[in-house]
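Q: If you're matching them up, the sequences are chains A and B in order. If you use my numbering, the first sequence corresponds to residues 1 to 210, in order. If you use my numbering, the second sequence corresponds to residues 1 to 346, in order.
Read the hints as simulated data drawn from the structure, not as lab findings. Accuracy of the hints is not assured; some may be wrong.
Cut-off 25 Å, straight-line C-alpha distance, at most; resulting in silico cross-link-like pairs (PhoX-like, lysine-lysine) [what the hints assert, rightly or not]: (1) K170/A with K314/B; (2) K173/A with K73/B; (3) K73/B with K143/B.
Owing to the predicted nature of the structure, the values given are computational and were not obtained by experimental measurement.
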Amino acid sequence: MEFSTFVFYAFATLLLSGGIGVILARNPVHAALFLVLAFFSGSGLWMLLEAEFLAISLVLVYVGAVMVLFLFVVMMLDINLDQLREGFWKYFPLGGLVALLMVGELVLSVMTPRFSHLGRNLPPAPEGYSNTRELGMQLYTTYVYPFELASVVLLVAIVAAIALTLRRRKGTKYQNPAQQIRVRREDRVRMVEMNAEKQDIAATGQGEPS
Amino acid sequence: MAEIQAFFGPAWPLVWALFRIVLIVLPLLGAVAYLTLAERKVIGYMQVRNGPNRVGPMGLLQPIADALKLMTKEIVVPSDANSFLFVLAPVLIIMPAMAAWSVLPFSPELVLANVDAGLLFIMAITSMGVYGVVVAGWASNSKYAFLGAMRSAAQIVAYEIAMGFALVGVLVMSHSLNLVEIVHQQEGMLGFLQWNWVPLFPLFVVYFISGLAETNRAPFDVAEGESEIVAGFHVEYSGMTFAVFFLAEYANMILISALTSILFLGGWLAPFSFLPSGMIWLLLKTACVLFLFLWCRATFPRYRYDQIMRLGWKVLIPVSLVWLLVVALLMQAPLRQLPIIQIWFH
Numbered sequence: 001m002e003f004s005t006f007v008f009y010a011f012a013t014l015l016l017s018g019g020i021g022v023i024l025a026r027n028p029v030h031a032a033l034f035l036v037l038a039f040f041s042g043s044g045l046w047m048l049l050e051a052e053f054l055a056i057s058l059v060l061v062y063v064g065a066v067m068v069l070f071l072f073v074v075m076m077l078d079i080n081l082d083q084l085r086e087g088f089w090k091y092f093p094l095g096g097l098v099a100l101l102m103v104g105e106l107v108l109s110v111m112t113p114r115f116s117h118l119g120r121n122l123p124p125a126p127e128g129y130s131n132t133r134e135l136g137m138q139l140y141t142t143y144v145y146p147f148e149l150a151s152v153v154l155l156v157a158i159v160a161a162i163a164l165t166l167r168r169r170k171g172t173k174y175q176n177p178a179q180q181i182r183v184r185r186e187d188r189v190r191m192v193e194m195n196a197e198k199q200d201i202a203a204t205g206q207g208e209p210s
Numbered sequence: 001m002a003e004i005q006a007f008f009g010p011a012w013p014l015v016w017a018l019f020r021i022v023l024i025v026l027p028l029l030g031a032v033a034y035l036t037l038a039e040r041k042v043i044g045y046m047q048v049r050n051g052p053n054r055v056g057p058m059g060l061l062q063p064i065a066d067a068l069k070l071m072t073k074e075i076v077v078p079s080d081a082n083s084f085l086f087v088l089a090p091v092l093i094i095m096p097a098m099a100a101w102s103v104l105p106f107s108p109e110l111v112l113a114n115v116d117a118g119l120l121f122i123m124a125i126t127s128m129g130v131y132g133v134v135v136a137g138w139a140s141n142s143k144y145a146f147l148g149a150m151r152s153a154a155q156i157v158a159y160e161i162a163m164g165f166a167l168v169g170v171l172v173m174s175h176s177l178n179l180v181e182i183v184h185q186q187e188g189m190l191g192f193l194q195w196n197w198v199p200l201f202p203l204f205v206v207y208f209i210s211g212l213a214e215t216n217r218a219p220f221d222v223a224e225g226e227s228e229i230v231a232g233f234h235v236e237y238s239g240m241t242f243a244v245f246f247l248a249e250y251a252n253m254i255l256i257s258a259l260t261s262i263l264f265l266g267g268w269l270a271p272f273s274f275l276p277s278g279m280i281w282l283l284l285k286t287a288c289v290l291f292l293f294l295w296c297r298a299t300f301p302r303y304r305y306d307q308i309m310r311l312g313w314k315v316l317i318p319v320s321l322v323w324l325l326v327v328a329l330l331m332q333a334p335l336r337q338l339p340i341i342q343i344w345f346h
């Protein structure tokens, strides 16, 4: 067995067990961590295909950002599992049907001759070949319009998410740092010119050691 | 050499790789140990104290005494804590702190893995450090630890964006994600004036500030703000597990300093072109940036949480975005022909 085949099976096993762990874990935090493992193994598989840019961006975007926020939210939830599992058998037939359909679709698409020839007899990469550079060239020349369109869709999604969840509370206190650093001594302290006051100690009898 | 190679046979590449890894990790651990001493000494002198001076001459054996103490202490797992994740968290935090060093070039030849997408790799690996913090906070079954983890996660995710944009600036300058090429691009007759910190000065500052925030260092150490939440996410850890968190924080500090040196301060290049370049320069620059880290800790009071968020989202990200645009414009035809611009964009 070649070394790369061994690595492939190792990553594939991890990926599958991670995926199974996501749906079987009783604790949502464990499920989220299993999903991280699955993403990471998937990235390893892509690295094996020499698609290093895709592999690293998968880790960077999904593991480094998306799943952290996921975990952030899931950790703060108090989920009652029994309540969640209620009606499991009622929905099981429908869920099973959808799952079967998806498996069927996957099998059909993998069985096509186009897919089975994919990646076979590929010429070795030329000297100085950079996966990242080639991907960038493709994205910004051939596919520039779809790419820009996708980014606009994302931007709209960001704006919409913020606009939907933004609530202004009345009476919140906030700082204005620009105003703070512009403050001058005169605004805060007033120096008062004043002569020292003298008190006749002997007359009042105070301040003497008793 | 040939005999050793023959002795290991087919396992030789593995043994050789392990040997080189040890060659990086051992000095790194030594540097971490003595960085803790340097920190206490530097802050001590800044506050007109002596710092540790009892163990060994001038306190030089203090880190060893500390390490021995931590190793012999008992590891306590809190009641009702998730013991598996509790133990996994230190592993999750030390792993990325060490793995990122694999692509760091110490000199043109001295690099464990000279990969094409080195910069991207470092960003991806370091972005995983937050899991250690979050999992530690959650698995400890402690309110203080949990609050610390929440604060830290929000802060790291926010500053990672500014940091990423600063790195994009470097990338635009050098047309490469390869760290060796990024340093080569800063080479020139003018020495230190030709390094990236001059044309990318705002990004340099943004990167350094984000680096402070990413490593949870003062003034961004709300994740372990002693006065509010005891010690933050690692409050329940003792003995060696605590030592691992400590180790990871300092290893990350050294990593950020080394990266700042490579990306903005010319890496192993000498500051004047008549001096020979070499690894010593990278180490010196890293030490200088580390001193800045310590200096910041001794100087600035801790930021409040809302101030941290404001600085990250409303100051650093807009600054880096604008300067990114400036750099991109300078790269274009009419401006690029100017001799002053040609110094850096060649």
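Q: A separate judgement is required for each hint: does it hold in the structure or not?
A: Hint-by-hint comparison with the structure:
1. K170/A with K314/B: This hinted pair holds, its Cα atoms lying about 22 Å apart.
2. K173/A with K73/B: 46 Å, violated
3. K73/B with K143/B: 24 Å, holds
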